[in-house]
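Number of protein chains: 2
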Amino acid sequence: MKSAIILLSGGLDSATVLAFAKQQGFACYALSFDYGQRAQSELAAAQQIGQVYQVIQHQIIPLSLDLFGGSALTDKHIDIPVNGGEQIPVTYVPARNTVFLSLALAWAEVLKAQDIFIGVNAVDYSGYPDCRPEFIQAYQAMANLATKAGVEGEQLQIHTPLIAKTKAQIIAMGMDLGVDYLQTVSCYQADAEGRACGACDSCRLRALGFNEAGFDDITLYQK
Amino acid sequence: MKSAIILLSGGLDSATVLAFAKQQGFACYALSFDYGQRAQSELAAAQQIGQVYQVIQHQIIPLSLDLFGGSALTDKHIDIPVNGGEQIPVTYVPARNTVFLSLALAWAEVLKAQDIFIGVNAVDYSGYPDCRPEFIQAYQAMANLATKAGVEGEQLQIHTPLIAKTKAQIIAMGMDLGVDYLQTVSCYQADAEGRACGACDSCRLRALGFNEAGFDDITLYQK
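Going down the list, the protein sequences come from chains A and B.
Quick note: the first sequence uses our numbering, first residue 1, plus one each step.
Quick note: the second sequence uses our numbering, first residue 1, plus one each step.
Wrong hints could be hidden among the right ones.
As the list claims (entries may be wrong) - Now the in silico label distances, taken between C-beta atoms and shown as ranges:
id	chain 1	residue 1	chain 2	residue 2	range
1	B	154	A	64	23 to 29 Å
2	A	198	B	25	49 to 55 Å
3	B	24	A	51	50 to 56 Å
4	B	191	A	176	56 to 62 Å
5	B	137	A	24	31 to 37 Å
6	B	54	A	178	29 to 35 Å
7	B	123	A	176	51 to 57 Å
8	B	123	A	134	55 to 61 Å
Derived from the structure by calculation, the hints contain no laboratory data.
Glycine included, every Cβ here is placed at the ideal spot set by N, Cα and C.
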């Protein structure tokens, strides 16, 4: 059984990715970050999802990305946008996927795992540069030069099973896999119980996804 | 005046890099990590060096790399080797430079800086894969696809002024720049006062460097 690291945020996408990796027969290790994100209930969701899928280990790494500032997701002085439309929105956390993949890479080296799963998506990606296929390819090339395993001829693979899917297709895939989306938190400003605002970009994308996929939106909203 | 992030460990190499970046006219921001390294006096040295060079800001990011284990530098159950000779030694911290550069990249994005300095060295590099020029080139290519600045056409540059130098050449360069090496800690197992063991790979490389450069070894040793 091959081991894999799954980046698990507690959101809809990464829960779907974990279900997929598990179905593919990987021994799954979940990795989450406490990086000063506003919605701490996202982390509680990640823990619950990790338990449901019986991951072998779930590490939650404290990471002070808020020290750098610069994002509405970690800086309480910047408002969460509710109307979309920008090229790269203020919810972009600088270099987030680069940082998360790097820590996944470190853990993969220790576990001698050659597989990392990440729920990036280039379709409904809100304009984040680090969700594009060309970024993932460049990351994989770099990672294979960075590591002891790479030097010794092993090839690390970064799996992005959602990269070409719309939110509706992701939800349909997750429904097939039996993901309980009630356990997931997508909202940028969810409350302590994980209830969604219904107005931020992430909420709007999620609601649209359920609608387009032809499923009831089971998300719990604040009002 | 252009801003640059300098990865500053408190060791001889990164102190030399900071002096070099300052001399090149960069507005310097220092970045260090408290990653469970055994030699905590290294961090005290980093702080002192940052003050000497009047960096604009010095961030010390807590980072629990020791949660992953796998290195003699962060795992107290693995002995520090004193006889060298291995291909990739147990002092290798998995994906360390990848992780450090990724956090530097995050801060660079926030500061709108296009320059990151890192004191990697491919000559006396103890066999670490993430110190080689091909790794740095791949990292830079990835970083330019990862970021908002990259998407908008800016080019990030990773400066590695020491990459092709021997330890003796680095020390000669630092002496020219006026670096006070008494303030630096290179030892993998320095004591609380920053005094070196004199036996680990890092101590041996440093002592040899002073000798070959024709300078007295001013390092404080434990005995």
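Review point. Is the distance from the Cβ of residue 191(B) to the Cβ of residue 176(A) consistent with 56 to 62 Å?
Key: 59 Å, holds
Point to revise | C-beta pair residue 54(B), residue 178(A): status relative to the range 29 to 35 Å that was hinted | key: 58 Å, violated
Review point. Is the distance from the Cβ of residue 24(B) to the Cβ of residue 51(A) consistent with 50 to 56 Å?
Key: The hint (50 to 56 Å, Cβ to Cβ) holds, given that residue 24(B) and residue 51(A) are roughly 52 Å apart.
Practice item. With 31 to 37 Å as the target window, see if residue 137(B) and residue 24(A) comply at their CB atoms. Key: For residue 24(A) against residue 137(B), whose Cβ atoms are near 33 Å apart, the range 31 to 37 Å holds.
Check your understanding: Does the Cβ pair residue 123(B), residue 134(A) satisfy 55 to 61 Å?
Key -> 33 Å, violated
Point to revise | Whether the CB-CB distance between residue 198(A) and residue 25(B) falls inside 49 to 55 Å | key: 51 Å, holds
Practice item. Return holds or violated for the Cβ distance of residue 154(B) and residue 64(A) against the range 23 to 29 Å. Key: Check passed, 25 Å falls within 23 to 29 Å.
Check your understanding: Do the Cβ positions of residue 123(B) and residue 176(A) conform to the proposed distance bound of 51 to 57 Å?
Key -> 54 Å, holds
In terms of the numbered hints stated before, the structure departs from hints 6, 8, listed from lowest to highest.
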